[in-house]
Amino acid sequence: MCLAIPAQVVELRDGDSAVVDLAGVRKEISLSLVEDVAVGDYVIVHVGYALNKLDPEEAAKTLALFAEIGTATA
Amino acid sequence: MKFIDEFRDGQVAAGLAAAIRQEVVPERRYHFMEFCGGHTHAISRYGISDLLPSSVKMIHGPGCPVCVLPIGRVDQAIRLALEQNVMLCTYGDCLRVPASESLSLLRAKARGGDIRMVYSSADAVALAQKHPDKQVVFFAIGFETTTPPTAVAIKQAAALGLINFSVLCCHVLTPSAISSILESPEVRQWGTVPLDGFIGPAHVSTIIGSRPYEFFAQEYRKPVVIAGFEPLDVMQAVRMLIRQVNEGRAEVENEFSRAVSRDGNKKAQALVADVFELRKSFEWRGLNVLPYSALCIRQAFAAFDAERRFAIAYQPVADHKACECGAILRGVKRPQDCKLFGNVCTPENPIGSCMVSSEGACAAHYTYGRYKDV
Amino acid sequence: MSEARKAYVRPLDIKRGQVDMAHGAGGRAMAQLIEELFAKHLGNEWLAQGDDGALLPAPSAGKLVMATDSHVVSPLFFPGGDIGCLAVHGTLNDVAVMGATPLWLSAAFILEEGFPLADLARIVQSMANAAREAGIPVVTGDTKVVERGKGDGVFITTTGLGVVAPGNELSGRNAQVGDAIVVSGTLGDHGMAIMAVRESLGFESPIVSDTAALHGLIVAMRASGAQLHVLRDPTRGGVATTLNEIAQQSGVGMMLQEKAIPVKPAVSAACEFLGLDPLYVANEGKLLALCAPDDAQKLLAAMRSHPLGADASIIGTVVEDAHHFVQMTTGFGGRRIVDWLSGEQLPRIC
Numbered sequence: 001m002c003l004a005i006p007a008q009v010v011e012l013r014d015g016d017s018a019v020v021d022l023a024g025v026r027k028e029i030s031l032s033l034v035e036d037v038a039v040g041d042y043v044i045v046h047v048g049y050a051l052n053k054l055d056p057e058e059a060a061k062t063l064a065l066f067a068e069i070g071t072a073t074a
Numbered sequence: 001m002k003f004i005d006e007f008r009d010g011q012v013a014a015g016l017a018a019a020i021r022q023e024v025v026p027e028r029r030y031h032f033m034e035f036c037g038g039h040t041h042a043i044s045r046y047g048i049s050d051l052l053p054s055s056v057k058m059i060h061g062p063g064c065p066v067c068v069l070p071i072g073r074v075d076q077a078i079r080l081a082l083e084q085n086v087m088l089c090t091y092g093d094c095l096r097v098p099a100s101e102s103l104s105l106l107r108a109k110a111r112g113g114d115i116r117m118v119y120s121s122a123d124a125v126a127l128a129q130k131h132p133d134k135q136v137v138f139f140a141i142g143f144e145t146t147t148p149p150t151a152v153a154i155k156q157a158a159a160l161g162l163i164n165f166s167v168l169c170c171h172v173l174t175p176s177a178i179s180s181i182l183e184s185p186e187v188r189q190w191g192t193v194p195l196d197g198f199i200g201p202a203h204v205s206t207i208i209g210s211r212p213y214e215f216f217a218q219e220y221r222k223p224v225v226i227a228g229f230e231p232l233d234v235m236q237a238v239r240m241l242i243r244q245v246n247e248g249r250a251e252v253e254n255e256f257s258r259a260v261s262r263d264g265n266k267k268a269q270a271l272v273a274d275v276f277e278l279r280k281s282f283e284w285r286g287l288n289v290l291p292y293s294a295l296c297i298r299q300a301f302a303a304f305d306a307e308r309r310f311a312i313a314y315q316p317v318a319d320h321k322a323c324e325c326g327a328i329l330r331g332v333k334r335p336q337d338c339k340l341f342g343n344v345c346t347p348e349n350p351i352g353s354c355m356v357s358s359e360g361a362c363a364a365h366y367t368y369g370r371y372k373d374v
Numbered sequence: 001m002s003e004a005r006k007a008y009v010r011p012l013d014i015k016r017g018q019v020d021m022a023h024g025a026g027g028r029a030m031a032q033l034i035e036e037l038f039a040k041h042l043g044n045e046w047l048a049q050g051d052d053g054a055l056l057p058a059p060s061a062g063k064l065v066m067a068t069d070s071h072v073v074s075p076l077f078f079p080g081g082d083i084g085c086l087a088v089h090g091t092l093n094d095v096a097v098m099g100a101t102p103l104w105l106s107a108a109f110i111l112e113e114g115f116p117l118a119d120l121a122r123i124v125q126s127m128a129n130a131a132r133e134a135g136i137p138v139v140t141g142d143t144k145v146v147e148r149g150k151g152d153g154v155f156i157t158t159t160g161l162g163v164v165a166p167g168n169e170l171s172g173r174n175a176q177v178g179d180a181i182v183v184s185g186t187l188g189d190h191g192m193a194i195m196a197v198r199e200s201l202g203f204e205s206p207i208v209s210d211t212a213a214l215h216g217l218i219v220a221m222r223a224s225g226a227q228l229h230v231l232r233d234p235t236r237g238g239v240a241t242t243l244n245e246i247a248q249q250s251g252v253g254m255m256l257q258e259k260a261i262p263v264k265p266a267v268s269a270a271c272e273f274l275g276l277d278p279l280y281v282a283n284e285g286k287l288l289a290l291c292a293p294d295d296a297q298k299l300l301a302a303m304r305s306h307p308l309g310a311d312a313s314i315i316g317t318v319v320e321d322a323h324h325f326v327q328m329t330t331g332f333g334g335r336r337i338v339d340w341l342s343g344e345q346l347p348r349i350c
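Chains as they are written, first to last, in the working numbering: chain A, 1 to 74; chain B, 1 to 374; chain C, 1 to 350.
None of these hints come from the bench; they were simulated from the model. One or more of the hints may lead you astray.
Straight-line C-alpha distance at most 27 Å; calculated DSS-like pairs for lysine-lysine [unchecked claim]:
| id | chain 1 | residue 1 | chain 2 | residue 2 |
| --- | --- | --- | --- | --- |
| 1 | C | K150 | B | K109 |
| 2 | C | K259 | B | K372 |
| 3 | B | K155 | B | K266 |
Which bits of chain B does chain C cover? Going by a derived footprint, with three or more residues having C-beta under 8 Å, they are [to be verified]:
| id | stretch |
| --- | --- |
| 4 | 5 to 18 |
| 5 | 58 to 68 |
| 6 | 174 to 182 |
Everything numeric in this text was worked out from a predicted model, so none of it was measured. Even for Gly, the Cβ is constructed at its ideal location relative to N, Cα and C.
Chain A on its own, in the form it takes in the complex (with noise of 0.2 Å):
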């Protein structure tokens, strides 16, 4: 029920911040919610904390999944 969206952290601050990245907007972010978060990981912000981190990789299983699906029915 929650806006959030995925950005790229591209610097961690003190006391648990960090500032993302989404598509050359910058913003500073808690980490409070999350951790082990690397510079270049993906986190999904919702009224300005990280909730996640979000998985590349299943990302990408994702949609070839649905590329897949979409083909399959061609």
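Following the hints, complete the assembly by docking chains B and C onto the known chain A.
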């Protein structure tokens, strides 16, 4: 935008739409409830219903925290601002919700209330630090996605030793809402709910994991597919639900595998358990009083509980008699079935909870889809 | 006879001084403010006359168009502009979209006691630059000062006068079924540039306001020979609100193509963060044009060859619709209404 645009691809959508058309069994109707307001919004905004066969109907559920927030809670926030002279910090969503005495938080601001819109709970803490002479209260609404940020804010305030920060806690729980749909009066009447399955919320699930839904799948024999936030995710989830129904399965499947695991975010869960505990009961707008469905602040953090700090006892306020929000939230009626929809009750003048937030079933239909009714 | 000695008057301390109540009282202090700050930057033959009003030649033919705007933007300075140039562009555009050639501007300032003179000078200079670039003078003005706490730094009201030749008048009532809907460039730049610098919502981005005077672009559009039916600048409420207004005024419907609507990636991203829809975000340097369908391509070419129309795009068509809905085919392949805004768009969490 990476991980966003690829999941909105119209050509892939056409492929998925074709696949869905092949999956549906002719002569069979499918009714799926997308529980989460974000999914309601996506379905409306992208016109997903147009890509689904007419035998597949999406029903909008109560997963919109603004919609299920009782008027009495907004009244409490307004009284804090106008009577107790606090700096009331709120997310944008709550500003226009109509409350008692023709007020809303926005109107209370016009009356002189110090009401600030914030993007994050952290901003409320920052305001408390910046204005040590003022009492700052954070109006905390939301399901399990938004609760951990409030927990962090309270812990931060505690660590900073702030004596002028507190929280009006109105956080609610997803499983309770799902139960109330599956155990609604109509169910007792008909023996079953006219729903074939659920699309599970995307971001709530990143926190709570997929495990909590297993109870519903098993107990009520309804499939649940957790779907990501983007339109392709929603379509794939619909396809997975259709398959389960056709095959007679009732399992929890996870389409949003890139962000949701079975156990969820343990760190966030622990933080929430540290700060909050279950309320014995809580009123939900449109769904009445539900047991163990909401959170309040634990004794250990009582100093940050606005309900303990200020004399603002909760007073329930009844909805308009002709308002059908309750039935609409439970998925047994559609917005068009309500006498008030579109004439007295509009986004400018919302009478009931489903019209109040842009994600409510009535607001979404009015704003994005009413051209289909005329 | 000896020359009367001019009394020594200390010049305004632009760097460190502030507006005070005397500056609005009509006496020497106000005259000094006008001379050393306003007239200095805005200077032209009419202001130099020093009369209460400007004496202007009446047009020999055509009709007069008058438009007025009050500017209360906050913050006063934002990426890409400030309240000064915004005031000039906004009123010039209102006159120009009526089909008129803008001729003169007036500017009235309400200043708050305590407002830094340095900021005021910056704003007035910006206004002067905008007016000069547009080729339109600010011929008359006014200054008032209100007590501290009763203003938001500065409010500016501008009025513009222009002349429209017979037959060139444009109105929102003239959209016709079949018309092409053309936008002059990317949507939402101004509104998101302001959002970026708002407290609490703030974010860093390359987004700058698109504030600009559009009458030059309109001249190029007319020169293309395209039959223009409606011209409007989509400011507050965005393109969605403006199109709904036109649909209502003309008694038609509209069908847009989401894929054709130009939005800068950073603006899209900023909207995603806050839960906003670019269709409803304010623009200050964009045009919507409705023209005869056969003229759409040549109009587009004329717009694209002008610096302010480089990203122009045909975004939809006017259709027959008794309900006056503005609808859109989404990039995803479905359909939705693009409805009137229900109050200001607010950032949301869900």
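We went through each hint and held it up to the structure:
Taking the CA atoms of C/K150 and B/K109, the gap is near 17 Å; set against the 27 Å cutoff, the hint holds. Note on C/K259 and B/K372: the hinted pairing holds, with a Cα-Cα distance of about 22 Å set against a maximum of 27 Å. Under the criterion of a C-alpha separation no larger than 27 Å, the hint pairing B/K155 with B/K266 is consistent with the structure, at around 17 Å. Check result for the stretch 5 to 18 of chain B against chain C: holds, 5 residues qualifying (beta carbon to beta carbon below 8 Å, three or more required).
Under a criterion of three residues with beta carbons nearer than 8 Å to beta carbons of chain C, the stated coverage of the stretch 58 to 68 of chain B is upheld, 3 such residues being counted. Under the rule that three or more residues need a Cβ within less than 8 Å of chain C, the assignment of the stretch 174 to 182 of chain B is violated, with 0 such residues.
The structure does not agree with numbered hint 6 stated previously, though it agrees with all others.
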